[in-house]
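Participant: So the protein lines, in turn, are chains U and A. Quick note: the first sequence uses numbering that gives the first Met the number 0, first residue 0, plus one each step. Quick note: the second sequence uses numbering that gives the first Met the number 0, first residue 0, plus one each step.
There may be inaccurate statements among the hints.
[Said to hold, decoys possible] To give a feel for the contact side, a few chain A residues facing chain U, derived at Cβ under 7 Å: (1) Val6; (2) Gly21; (3) Tyr22; (4) Lys75; (5) Pro76; (6) Asp137; (7) Gly140; (8) Met144; (9) Pro158; (10) Ile161; (11) Ala164; (12) Leu168; (13) Arg305; (14) Asn306; (15) Glu309; (16) Asn311.
Derived by calculation from the structure, the hints in this document are not laboratory data. In this text the structure is predicted, and so the values were computed from the model without any measurement. All C-beta atoms in this analysis are idealised placements derived from N, C-alpha and C, irrespective of residue type, glycine included.
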Amino acid sequence: MSDGIRLFNSAGGIDYDSSSVTWNLIGVYTAPQNASTSFTGIKTMTERIVVRQMVSDDNNTERAYVHTYSLSGTTLTATAPSSTQTQATTFQVFGR
Amino acid sequence: MAYGLTVTNDSNQVLIDSDVFGYHFIGKYTATTSWNHTYLEDLGGEDYWDSPNTIDSNQTPGRVFEYTVNLPGSSKPPMCFIKPTGTGTSAVYTSVIRVWKYDTNNWKVWILQSTNAGTGPTLYAFSTMDQTNSTPSDTYGLQTMNSSGDVTFDSRFKPLRIVGAANALPPSNPNSGSVGSGTTPYLNVNATPNTYTTGASVTASDQIYYCPSLASACYEYEVGREESGFHNWSYYQWTRYDIWWCFYRSAFRISGDNNFQANWAIYMAGHIWKAQVSGSFLGLGYLNGIPAVGPIEYFPYSDASRNQGEANNVLISRASYYD
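Bound-form chain U, shown alone (with noise of 0.2 Å):
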């Protein structure tokens, strides 16, 4: 390694290497059920990508929507397809 970080535990076992971390979370964000929302102040990285998590007690999941999204600059839109059958969505941005 020529940059980078590497941490060690107090066995000599490194526990963190920065020369093999690609992405790195900026955020997590819920949209609730049924319903569009916004969440801005996201950090502005040179690439940033979402992964999405249906989020849902309710049995009816296996039929749901998941909430639409658009990340530009420091807001994260999200947006319910349908107003009765959109489950709660988790937005993890990465960032790199």
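Given the structure of chain U, go ahead and fit chain A onto it with the hints provided.
Facilitator: This is chain A only, laid out in the frame that chain U set:
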């Protein structure tokens, strides 16, 4: 940043930022229970045909595995990476299909695997530090906090290290071509998987992946039969109507050291049928489809899909980082 710690590399990519909550390893989990989802119902009527009354081999559902992840915080669900039972282009497909807060200290996670094999994948769970109560014993390492004093990074909890990523989408349909013939449905997945390059470039068997299932689809096949003739000196007419269906979720597999595939798996398979007999000379014709079947809430009968065009990013890490 007015204060705090930011670590970047020579490409100006951010490695650690004390302003944001990083994900950390909270444990490895095996399934607590599992089941095979099928539904059969005879909706009644005198049956001239007494078969088929089963789930067909051409609509074979996978297996759902349930995990309980200990995580006291309630605002952010755990990030659940899958360590599949196998890798390669013949491996089973798996995906996280449901996550919810179960009780004060636990989340439930369902993983669908495309075959009915009893051995399920292993779950590697991660969480941000503000959701856990864990106290590490090690006194060495690096810890960062944000301006509120919340721990955002702690090397003692094995921070999540992502080694690859891709934007994955399952094929447009799980099943193409004929969906059935006679009393045989053809509802098994026959789609060709979409393949993506992850950039992980590490041994496939060491990889774990995170890519929750978003897409769902349903396909059904239905057939009506009619027969007539004399019985006990009376003329009868018999009809029977069958519907077979499969409910699919998108699912994934690590197909190589640097590749990932997206496809479908059958979450649930069902078969319902109804018969009717008439003793008159008046023709019944086919039953006009199967009528409403009561409290069956999430068994869609008609062809439908949800979120089919919604790609989801897949993240790749290594099991050996946390074992």
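Participant: Run through the hints listed earlier and report the numbers of any the structure violates, in increasing order.
Facilitator: 8, 12
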